[in-house]
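Asks: Produce the entire structure from the sequences given, and follow the hints as far as they go.
Mind the numbering: the sequence shown is residues -17 to 701 in the numbering used here, read in order.
Note that these hints are calculated values from the structure, not bench results. It cannot be assumed that every hint is accurate.
Stated by the list, open to error - Pairs of lysine-lysine, BS3-like flavour, derived with a Cα cap of 30 Å:
hint: 1; residue 1: K221; residue 2: K486
hint: 2; residue 1: K486; residue 2: K599
hint: 3; residue 1: K221; residue 2: K161
hint: 4; residue 1: K161; residue 2: K599
hint: 5; residue 1: K33; residue 2: K194
hint: 6; residue 1: K585; residue 2: K618
hint: 7; residue 1: K677; residue 2: K618
hint: 8; residue 1: K194; residue 2: K221
As the list claims (entries may be wrong) - Cβ pair distances, simulated, as ranges:
hint: 9; residue 1: A636; residue 2: N608; range: 19 to 29 Å
hint: 10; residue 1: S530; residue 2: H70; range: 16 to 26 Å
hint: 11; residue 1: T110; residue 2: K486; range: 24 to 34 Å
hint: 12; residue 1: S77; residue 2: N19; range: 48 to 58 Å
hint: 13; residue 1: A571; residue 2: P604; range: 33 to 43 Å
hint: 14; residue 1: T578; residue 2: S616; range: 16 to 26 Å
hint: 15; residue 1: G490; residue 2: A593; range: 34 to 44 Å
hint: 16; residue 1: T528; residue 2: T422; range: 56 to 66 Å
Just so you know, even glycine gets a beta-carbon here, dropped at the ideal spot from N, CA and C.
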Amino acid sequence: MPSKSALATMCGIFLFLVGFFLPSSLLSAVYYVDPQNGSDSNPGTQALPWKNIPGTCELDNSGFLTPSGWVRVNAGDTIRIKSGTTIHNRLHIDSTWYQNGTSSAPITVRRDESWGTGPVVFDGGQQTLGVWDSLVFIYSRDYITLDGITENGIIIQNSRARGFQATGTSETARMVGLKARNLKLYNNLYFNVYLQRQDSFLLENLDIDGNKQDSDLSGGLQIGDNTYGCSNGRVVNCKSYNHGDTPGSQTGGTDARIGFWLTNSSNVTYENCVAYNNEGNGFDAGVVGSPPSAIANNIKYVNCEAYNNSNGFSSNLDDIPGTTGFWYVNSIARDNSGAGWMIYNGAAAYLYNCLTTGHVWGMYVDAPAYQNRNTVVDIKNTIFYKNSKSSGNNWDIWVHRADDLVLTSDYNHFEQGDQNVCITWNGAAQSGIYYYYNSTDAPGSTRREWYVDHRQDARSLCSVDREYAYFVDPQTYNYRLTARSDLINKATVISNANIPEIQKDKDGNTRPASGPWDIGPYEYVPAICTYSISLPSASFAASGGTGSVTVTASGDICSWTAVSNAAWVRVTSGASRTGSGTVNYSVSANSGAARTGTLTIAKNSFTVSQAGVAIPKISVSPRSINFGLIRRGSSKSGQIAVTNAGPGTLNINAISITGTNSADFSQTNNCSSLSQGASCFITAGFAPTRTGTRKATLVISSNDPSSRTVNVSLTGRGY
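Replies: So, in structure tokens, the structure goes:
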């Protein structure tokens, strides 16, 4: 029999092997935090939760709290924070309390949506912080996830420095696998979100509100720094706004009050992000330093939008001329105070299927001789629409200095509106101004001076040639094309391995929808229209009346008609229109029986029923009397019954005898008005005045609309 020590050794080996072969997810722990009712001497279960998250600092920022119940957080572990609670202390996640996570077993700090209600709030109003500190800080830990679970589920606010920051150890030892989701950053004094030395990171569903803070260091999301770059990241469905107190007033030159700022970083993609109401640029990217000491390369903006900023999108130096640089795909810049796009100082920028509208400059390019680098600008399938922000001349494209510019531009659309300059080349020297209204200068033909001088835009469209975009509703910023747009099927195919996203438009429709590609961010997709009506039917009294039916269409471009199949039901307005609307109709008075008509409205049947008036129905019996052979001087009589078989009152208006021998016949009656089912009687007499056959007709007149008169044949023979 084995000894006790041998058994212990065997058990230890067994447990080791079990732990070695079990997946880490089965070994991971879940800890619970209740900032209001927990205790840091508890074990961190839901029944006995911690009060603070491991890594929580003193309010005076002098160091970590020193609780007895905390344990070290390992790969695969999850910390669940009770919903509807507020945390006032700084959270510092580093090697003190946290191991690294792994790609298959990340460490997750999250809101517990099943425990309590409302967001988890980190409020820095009471926390002491240094200028470069942050309220929530992750340092040199791999595969950390911070997740609010639902939109704005975690709020980080009122920090006297930065809001949320993640920093790696060095450029060669970057943090890997950071994920931050469903956060709201609000009213933090310096940059709300700040990333340094990150690799393979994801920021998703961040709402970044600067609350119009006017600090020189305030801003939205900053990726990278002078020497602290990031790589291989995605920024998805994020919005950044209200940085600086005067939207659009900053002319550039600083890294503050910008919505999204990136520097010295590579392989970062912004997807479906929006920057608005920022004092600085909406999106800004490039290299900081001269000569450049780092890189900014392969930065992509897909389905992004910038409005009411200083400039919408801005890019400067990338790493090596002619490389991948900055990509703009299906993106929209509108109503920024300066330029939709500002490209300068050796950047390589590629604009494909974008739109710029409502600026002083649709695009501003400054390409002086700089660091022996060309500024490369490639513009395809892009719309320049009414860039007329200020009075006087405005420009779709302004090239300030063209010393080292490599420009390729074609398959675009230029629609300048009421202003008169379209393109200025080398504006610093005023060497080339191409006028929108001058058909010999404007883009769109190899005959134009713009093409002759620069060999650009031979196949571009221009409204001087009566080629127009025809958007669905530019007043509400709906820049989708209508069926009448001249931009449909007029673009070129973009095939580039760096931007597979270009194969779909801003709505996610596959390019092309039909035929060649379309110019602009949206493919024109014929609507599959459906319609519904507010009522299936309506009923009216015999006196008639009016009514209306509301039509709900599935799209603003869905057309329909309203048609009546009955003359007594008339469409008075809304007989045809596009989109949702109302049909008004009238019903004429009815003097007859009940009736039914149909309005066909947007392919739906609408039934109109109308009551009739009460109508009498005359019934006469018999319809003929033969008195037989009667001697002159004698007479004979017969009786005729008149009955009302209808619901309306039967009025007997007149009873008379007509015909050649009418003098030989007579009648008396008690008929006047008959209710339904009532009868009256007519006594007809025959007294021949001559021998032979004698004939006449008894005529009964009434208000029966179907039988105004009824005839009874009277015959007899005299001898």
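Asks: For K486 and K599, compute the direct alpha-carbon distance and say whether it is at most 30 Å.
Replies: 72 Å, violated
Asks: Between S77 and N19, is the Cβ distance one that fits in 48 to 58 Å?
Replies: Since S77 and N19 have Cβ atoms about 30 Å apart, the given range 48 to 58 Å is violated.
Asks: Can you tell me whether the CB distance of A571 to P604 sits inside 33 to 43 Å?
Replies: 38 Å, holds
Asks: Given the hint of 24 to 34 Å, is the C-beta distance from T110 to K486 inside that range or not?
Replies: 48 Å, violated
Asks: Regarding the pair K677 and K618, is the alpha-carbon distance no greater than 30 Å?
Replies: 14 Å, holds
Asks: With 19 to 29 Å as the target window, see if A636 and N608 comply at their CB atoms.
Replies: With Cβ atoms ~24 Å apart, the hint holds.
Asks: Below or equal to 30 Å on CA atoms is what counts here, so check K194 against K221.
Replies: 15 Å, holds
Asks: Against the 30 Å threshold, does the CA-CA distance of K221 and K486 hold or violate the hint?
Replies: Measuring from Cα to Cα gives roughly 22 Å; hence the hint holds.
Asks: Range first: 16 to 26 Å. Now tell me if the beta carbons of S530 and H70 are that far apart.
Replies: 58 Å, violated
Asks: Does K161 lie within 30 Å of K221 when you go C-alpha to C-alpha?
Replies: Roughly 17 Å between the alpha carbons, so the hint for K221 and K161 holds.
Asks: Falls inside 56 to 66 Å, the C-beta gap from T528 to T422?
Replies: 59 Å, holds
Asks: Tell me if the beta carbons of G490 and A593 are separated by a distance inside 34 to 44 Å.
Replies: 53 Å, violated
In this structure, the earlier hints numbered 2, 4, 5, 6, 10, 11, 12, 14, 15 are contradicted, and the remaining ones agree with it.
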